[in-house]
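Undergrad: The task is simple: from the sequences and hints, build the whole structure.
Mapping the sequence shown onto the working numbering, position 927 (from 1) lands on 1727, and the numbers just tick up by one.
Read the hints as simulated data drawn from the structure, not as lab findings.
Quick list of in silico lysine-lysine cross-link-like pairs, BS3-like style, CA-CA up to 27 Å:
{"#": "1", "residue 1": "1917", "residue 2": "1927"}
{"#": "2", "residue 1": "1282", "residue 2": "1555"}
{"#": "3", "residue 1": "948", "residue 2": "883"}
{"#": "4", "residue 1": "1074", "residue 2": "1052"}
{"#": "5", "residue 1": "1584", "residue 2": "1684"}
{"#": "6", "residue 1": "1165", "residue 2": "1150"}
{"#": "7", "residue 1": "1282", "residue 2": "1260"}
{"#": "8", "residue 1": "917", "residue 2": "821"}
{"#": "9", "residue 1": "938", "residue 2": "1082"}
{"#": "10", "residue 1": "1258", "residue 2": "1282"}
Quick list of the computed label-pair ranges, beta carbon to beta carbon:
{"#": "11", "residue 1": "1113", "residue 2": "1269", "range": "13 to 23 Å"}
{"#": "12", "residue 1": "1494", "residue 2": "1443", "range": "19 to 29 Å"}
{"#": "13", "residue 1": "1786", "residue 2": "1095", "range": "57 to 67 Å"}
{"#": "14", "residue 1": "1012", "residue 2": "1285", "range": "37 to 47 Å"}
{"#": "15", "residue 1": "915", "residue 2": "963", "range": "26 to 36 Å"}
{"#": "16", "residue 1": "1557", "residue 2": "1078", "range": "27 to 37 Å"}
{"#": "17", "residue 1": "1251", "residue 2": "1581", "range": "55 to 65 Å"}
{"#": "18", "residue 1": "1551", "residue 2": "1507", "range": "14 to 24 Å"}
{"#": "19", "residue 1": "1910", "residue 2": "1817", "range": "13 to 23 Å"}
{"#": "20", "residue 1": "1579", "residue 2": "1555", "range": "30 to 40 Å"}
{"#": "21", "residue 1": "1657", "residue 2": "963", "range": "40 to 50 Å"}
{"#": "22", "residue 1": "1012", "residue 2": "1581", "range": "21 to 31 Å"}
{"#": "23", "residue 1": "1012", "residue 2": "1493", "range": "29 to 39 Å"}
None of the values given here were measured: they were computed from a predicted structure.
Heads up, the beta-carbon is just placed ideally off N, CA and C, and yes, glycines get one too.
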Amino acid sequence: MWLKPEEILLKNAFKLWVTEKDNEYFVLQRRRGCGEGGGGLAGLLVGTLDTVLDSTSKVAPYRILHHTPDSQVYWSIACGVTKEEIVQHWDWLQQNIMRTLSVFDSSEDITSFVQGKIRGLIAEEGKTSLVLEDDPEKFREAFLRFEKWFELSPEEKLVTYYSCSYWRGKVPCQGWLYLSTNFLCFYSYLLGSEVKLVISWDEIWRLEKTSNVILTESIHVLANGEDHYFSMLLHLSETFLIMEQLADYSIKRLFDKEAFEKEPALSDPLQITKRGLEAHGKSEQFRTFFRLPQEENLLQMHESFLWVPFSHFNTLGKICLSENYLCFASQDGSQCHVIIPMREVINVEKPDAGSRALTVCVRGKRALRFSEVRDYQQLANAIRSRCGISASPQHSVSPEAIRGECQSLINHFEDNPEDVTLMVGQKDSSKAVSTEALMTVFHPQDVENLDPKMLKEKMKEQSWNIHFSEYGRGTSMFFTRKTRDLIVRGVPEALRGELWMLFSGAVNDMATHPGYYTELVEQSLGTSTLATDEIERDLHRSLPEHPAFQSDTGISALRRVLTAYASRNPKIGYCQAMNILTSVLLLYAKEEEAFWLLVAVCERMLPDYFNRRIIGALVDQAVFEDLIRENLPQLVEHMTDLSFFSSVSLSWFLTLFISVLPIESAVNVVDCFFYDGIKSILQLGLAVLDYNMEALISCHDDAEAVTILNKFFDSVTNKDSPLPPTVQQASVGSNDKASHVSVDISELIREAYEKYGHIRSEEVESSRKRNKLYVIQTLEDTTKQNVIRVVSQEVQFNVSQLDELYNLFKRQHFLSCYWTMKSPALLHHDPSLAYLEQYQLGFQQFGGLFSLLEPWAFCSSKSTLSLWVFRLIDENQDGLINFKEFCSALDTLYSGSFTNKLKLLFKLHLPPAFTGSPLHSKEERIQHFIPLAEDSSHLSRLTAFDLPEDGVIRKSPERGRGKVDLQAYLKQWQNEILKKEETIKDLPRINQSQFIHFSKTLYNIFHGDPEEESLYRAVAHVTSLLLRMEEVGRRLQGPSSPPATQNPAKAAAEPSAEDASVSPDSSDTSSSPNSQDAAPDRSETEWSFSFEQLLASLLNEPVIVSFFERPVDIQTKLGQARAAQLKSKANK
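TA: As structure tokens, then:
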């Protein structure tokens, strides 16, 4: 490998290098301790020094130096892993450089020419692969070490590397941490002791920063039941963030495809870089903070001051620019931020030529003034280009003209409001869609009503109107501490829908997708799917006490919104709790607004909540448990097992307390949720437990604790609610209200913010990432235990062996996903399927793993015989093998009787396993993971919720896509249950071509065995005996048929003659069913054998019987497969 020329002052510093070749201008050297005469104490010391100092010499012990006769300075220009590699470089220098150097007069010119030539070679080599790295030269050397030490696939992408210490018990090992797309690797070499660690990201359960007495600050990794600690990192926070992102990336890519598909920036695992991960992380934080759509990315960030008109001072903060939004967030503790959609910007002007300031004009006679912007010109140009505003030369010269133009535009839009609508992109809603919030229809406000509650409601509205006049109204409103204070006090009924749309960001989604909801409603109208069936079932269970959902108006609107969302996002479709949430949204928002609010909640604010595994809710429950430990130590002391709170709080998170609180109180919680996100729900949960602390501590069991919490929720009221009793939700425990003091929801929320308002959203997001690893791995472990429980009943492997087999099977599935953008294996993985169907292998994956595990080494990963085994155990002919099918085949090979093993080999040479054709046509489709039956390839599967745990039923319509034929599944299930065990008499006879291949398979199995010769003779004896028996039988049956008497003699010679000449991939096409049908006259002359004949003949050969009954060390085989699995993939 050519190196960037670096100056070396001492030719043989500390005698670490030995010169192998030299000439007038170049020296080839070998590292001491490597090659001939290596080893010994010198080799150990040099190896240790190289590892600690991160020297390339550890993996590249050969180098070439350049020097000139009149100089003591040497330049390193090349290194090599092997002597052959470095000699190639040396020869190239001799042939291409040496002759040219004689032309130069001075040493400086020679050195300059050599350096330029070497840099040119490096630039050519690194044009494509390393162009995105910060320091390509050092990265090339690090990647060389990474490849040499860990022997992973050459496609594996190294992201970054750090020097650190790895703790083995209480002993630190100084070495290097390498972070790649799919693996966390560590290497250390100290005085002959080599430490090598390779952990795939999908195996990690915990990833967190820790500190203790010994390790002041370290990174803790829990994987495969083992704890790993890394310390002495120069940039620990940066390292941890990269590790966290890579682990999250792996989890999304391999376990949570739906979330991964929404991130096209990271879709290609071969293009991930440290810089790209950092940019992606910043964009993710940017979207989360400002509640922006998933498509937005942080393009520019500028520090500046923003003039805040209502406070009359400049606040320091950062301007963030994305494709469609201009945002600002303060950094001085004022909690002020503003979001300006580019569609609202009508001009950008510069007040005067001498200042670094910008003024952004927004619709509604509003302008934002940014000052002290370092790159103000770049920012102005970017905003103009995004908004489609041309930057004329007069722009900075005549600010008065710009202001006049800006004011004329504002006046025009005020006089012609319909133009504003057209610019925003709104379309008229369909007549079939309700354009009013249900609350305004079923509970219109009485203006003349002057009771105390209505007066208080009017005062709230007045407070918000004052706030709007000071801070703005609509999409470009300032968000401040005062906004939160007003939210905590309660939002007036008339403004609730508008503010929900604003705080959630749904207003921007609706504005940028005009007519989208109407189109969805029209498309989904009248469709019948599994999702629509579930929706119909739950329609009348959604707030049944409310008058709006006792009429067709409310039910129809709810049906349209839920069906439209199921059509938009079929992977979620419809899940329980969505109906309750949507019902409340429809009360205060128009139908289309309710749809976009549901989109914001399901896809942004509560990610992964509404799917079959409710991963998002489980993650937030784990976050909630962590917060209980930190903030309620008394409760933790009394109730050491906090899983009770997880089960109780599940409905709190899924329905935002709507299912446990009266509706008039629950909407106040929803107000806070749309402003502060999940943080507000966590705060309220802590406040609820704190309020009932004494009662919970004194309770004796979980049932009593549940009763206490239920009574508390029944006692929560909203004393300021203007809703009449007919609209308010009746409490379940209303009869017991007298025994429990009522609690006002506003007071409860205020207390939650006062006591637990210190919880930051950033901390919650970090805790979410940390707990997501554990939650998903727990679900995966549950899947594994269920699969092992089912499979263990049908095989003789013990539980620990099945555990190792499952890990190997799962890793083999992932190996085909690591280095490809759209792996077919990923397309087949669906966590919502039955346990047995979640991980399946196609032919290529199966061949690789089966060749590592089968006991006789009789088939390679791509052999025809491997394909026959695959076809035989693929019972449903879908081109995929599940774990149960895989273990059944292995169990027969490892633990089956002689008869069962022979029966398996016999069936390998019968259809459907043996078709008599080489690896092309139909079989090639198996290699590419395409099912053989094209008409069944588009069939999908039922969810785990609808299937029995043993996963017997395999094929079913995809959720939300088609109707379920339950009768067909019940019949299929019944057939599986009633299926009787196959007897040897049920097996068909084996024909001539199949018997030849059967004999060759036996020869392949015996190859390399210590008793190979005896086994070969035994097979030859059995073959000749069977042929003679068949010949005698044919003579007795038909003595008048001459061809029949000649054919057996010819066939008798075929097994031995063709054994060396016919490859396993070739076969006689006459054995296929089609060719047999086409040539009946030939099949009449062919001989065949039954399984009983083969079995009886082979039982007479003790050497063959003892070979097949020889026990196999399963544990050793599993250990060898585990060690070789990654290497076998790397060697392909």
